[in-house]
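Chain by chain, the residues:
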Amino acid sequence: MIKKISELHSFKGWLLTFLLLGLAVVLLPLLNMWLPENSTWHVPDYMFPLLGKYLCYALVALAVDLIWGYTGILSLGHGVFFSIGGYGMGMYLMRSIGKEGVYKSDLPDFMVFLDWKELPWYWYGFDNFAFTLLVILVIPGLFAFIFGYFAFKSRIKGVYFAIITQAMTFALMLLFFRNNTGFGGNNGLTDFKRILGYSLQEPSTKMGLYIITALVLFLSYILSRYIIKSKLGRVLIAIRDAESRVMFSGYNTLHYKLAIWTLSAFLCGIAGALYVPQVGIINPSEMQPSNSIEMAIWVAVGGRGTLSGALVGAGLVNGAKSWFTVAAPEYWLYFLGGLFIIVTLFFPRGFVGIFSGSSSKNNKGVILND
Amino acid sequence: MDKPCPLSKSHKLRVDPHSRKMLTRFLGVFVFLIVGLFAFSLCEANDFELAMKDLGNKSRSKIKMAVKRLGNMGNPKALPALEALKNKRLKIDEDGVLIILNEAGDQGRDALYGNPVDLSSLTLHKPRINNSVRRVLSMAIGKLKLTSDSSEVRLEAARDLLKRPSSDLVELIEKALNKENDNEVREIFMLVLAKEGLNSDDKNKRLQSLNTINKFGNNDFKTDLETLLEKNDAGEFLESDPDIRDRAAKAISKIENRQFFINQAANLFYGLSLGSILLLASLGLAITFGLMGVINMAHGEMLMIGAYSTFVVQNLFKEYLPNLFDWYLIAAIPTAFIVSGVIGIIMERTVIRHLYGRPLETLLATWGISLVLIQTVRLIFGAQNVEVANPSYLSGGIQAFSGVVLPFNRIAIIIFVIFVVISVWTLLQKSSLGLQVRAVTQNRGMASCVGISTRKIDMYTFGLGSGVAGLGGLALSQIGNVGPELGQLYIVDSFMVVVLGGVGKIAGTVAGAMGLGVLNKFLEPVAGAVLGKILILVLIIIVIQKRPQGLFALKGRMADN
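As they're listed, the protein sequences go chains P and L. In this text, residue positions in the first sequence follow our numbering: the first is 16, and each later residue adds one. In this text, residue positions in the second sequence follow our numbering: the first is 12, and each later residue adds one.
I should point out that these hints are in silico values taken from the structure, not numbers from a laboratory. There could be a bad hint or two in this list.
What the hints assert, rightly or not - Dumping the calculated DSS-like pairs for lysine-lysine here, alpha-carbon to alpha-carbon at most 27 Å: (1) P/K172 - L/K516; (2) L/K557 - P/K172; (3) P/K114 - P/K172; (4) L/K329 - L/K265; (5) L/K242 - L/K190; (6) L/K233 - L/K261; (7) L/K242 - L/K174; (8) L/K265 - P/K168; (9) P/K132 - P/K114; (10) L/K516 - P/K168; (11) L/K174 - L/K265; (12) L/K79 - L/K99.
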């Protein structure tokens, strides 16, 4: 097993991976704690939730890359899995507010506001962190499994699949917007106070969440790497490049597609759950079709079909977003739109493809055959 | 104008010559009586003028009396003055002459004789009326309208009567009913009488009223009927007569039945209306998707551009051709088509053609284009919604059933859709361009082999699809808000239409759009708007299980992709 894992990267690759992990998990927190605040190298407290957010996005990009970059299935509905994970965590955080809400009630504020007398049944158990964890790990995957089973079984693929997933996220967004659905309607879940007893306002809690996110991302990366290097990964790439041939060779592609689709949703759900305590809010707008499409562009910008590309793309696009929305908000959409057009037209292999050196000619056929 | 009543004048004139000594007192009295009667009838005619003048009286109670009298007299000539009083357009000059102002308030005419009055030399003040006068006023106006010559005015008045208790008007309505020959007005008169008749003491009259309600009544009568069936705390019926209760129950079920059908008819209409809008939004998408196998995510923005083109044309007309303003919509039809079509062609030539064979990337690239277009429109026209006015011939609507109004703009859109679908169908089926388009749709490689320039066809088709979307935007501008995000509202729905209807056949798109529209409107009252949408989505996914290529898939070799 260990031998297998150690073969996932070359020596240089492992060195780089652990260097980055060390930088994220050890060096940055140390720079924050040890250096005085006025030092150039001091990492301010507010950076950690922000970096944590980017890491969550990177995890989403990893999930999207597995299903799109490696299997060739474009999903425009990954925001749903992200949101389900997020809402799961949000419900736990709401319950742990206790009676400290505006209305001093045992119920979450929005329920008091709606004049609900007791907790709906689907909120039961969210007082318990272990139960919440179980929900976060199971429900997004389960939902994806059911949806994927029906979609893949009837061989919906390509553009049709993209459109159906977009409709799915749109419908769920409408559902969650309703007050009666019981997830806070328009405003979503917010005003969280603490997680597992630690105050969410404390810098140490924020840093802790950031470090957990970084570690989860690292483990997910290793897992993804393990999968794409395995025989499963080869079949997935084969499905991407010529599904009919894979079927004619005796593979039931339904199983493979379903497996990777479910795993992708699973990772996305975890990303959502880590995202919510760091950002402090989850609302239905996370399920807007545009959000899910943006997830695809992170991967496209970084480079489809390479895991490092997905991570880099998420960082680049979201970094640009943070910069634009402050510096030139009216041009952000131009930038994003231009990115969509230019990357697909001129850099189909993304950012990583530009720098990886191998001539684009050789790889074009493989990557571009949707 | 402050002349004395003619009674005193004629009295003097006629009596004086006859006051001879030779005549007995009796004769004198007799003559006096006859003359008096004659004069009285004159006075009756002039009672109207008097009452009219009293409208300008300083005392509110006098005004009130005058209004009541005018109402009871039933002379429709009083109507303009009373309405003017109600709308605060009735004025009095220093001599007490009543003047009705026009709506702009710059011209006036005499209330009694109708001749125009020069306002400049007069100082006008308004009659002092309060709410109690206003109440009497509406009643009097209602009464006068009942006897109006125009059946439309009578209809309006009759509908008005239905809305409030009118026990003191029963005789008047009965009289009006006897004279009435318009069936619609008659029905309503009968309903008004029936409503009053329910409270009568005469059992036969009550049963008759129930019969009338059973025959013509609508939902508004349900509460009245339900009170007849109410029980007290002890569980006994408040209404003792079982016949009445029986009839009332029957009438309720009849009304509910009728209302059910009316609601279904209304749902059908609104469903067709929604379907026609979806059809306009998705027709172009279906054409380009069928031809090139790419989903154009910027298609919604073509709608938006069509709507903004309409807005610009409207403003140009407002600015330069205010007299022909109503025609702006006609002028906007080619404009919207061309502007959207040209932008579509530019899009195809610069981006989409370079992504041929990569449908998923086309999807992302066109999404990028849509973001750029939205932001551009936002920077040019602002992020707020802009207002596109209906031309006068599209405002208003016809009342099909009681409580169901079919707006003209929605009817016009349905007609417009039929026109667009027929044009597109003719273009695709009858023209040589259409033949080439169909050839490329069915088998691109083979079409290319027989000498069709597929690239050119792609470009034209994309222009056509975008142009049709522009027409959709024009239609949308007539019924909803026009803003930069207009397209985003319809894009998911139009994808659903294409997925459901399949590609390559107009009939599929028509069936998909109409089916979704009607289903939506029928599910909405049952399941609520959001759950209805979700149900439809689930339904589409189930349909696609059975028919992955849509309901109306092309058959044959090309079906494999």
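Cross-check of the supplied hints:
The straight-line distance between the Cα atoms of P/K172 and L/K516 is roughly 21 Å, inside the 27 Å bound, and the hint therefore holds. For the hint pairing L/K557 with P/K172, the CA-to-CA distance comes to about 14 Å; that is within 27 Å, so the pair holds. Taken as a hint, the P/K114 and P/K172 pair is broken in the structure, with Cα atoms around 49 Å apart against an allowance of 27 Å. The straight-line distance between the Cα atoms of L/K329 and L/K265 is roughly 51 Å, outside the 27 Å bound, and the hint therefore fails.
A distance of roughly 41 Å separates the Cα atoms of L/K242 and L/K190; the hinted pair therefore is violated under the 27 Å criterion. Our distance criterion of 27 Å between C-alpha atoms is met by L/K233 and L/K261, whose separation comes to about 11 Å. Restraint check for L/K242 and L/K174: satisfied, since their Cα atoms lie roughly 26 Å apart, inside the 27 Å limit. Using a Cα cut-off of 27 Å, the hinted pair L/K265 and P/K168 is violated, with the two alpha carbons roughly 50 Å apart.
Restraint check for P/K132 and P/K114: satisfied, since their Cα atoms lie roughly 15 Å apart, inside the 27 Å limit. For the given pair, L/K516 sits about 26 Å from P/K168 by alpha-carbon distance, which is consistent with the 27 Å threshold. Between L/K174 and L/K265 the CA atoms are separated by roughly 21 Å; this keeps the pair inside 27 Å, and the hint holds. As the CA atoms of L/K79 and L/K99 are separated by approximately 18 Å, the hinted pair is consistent with the 27 Å bound.
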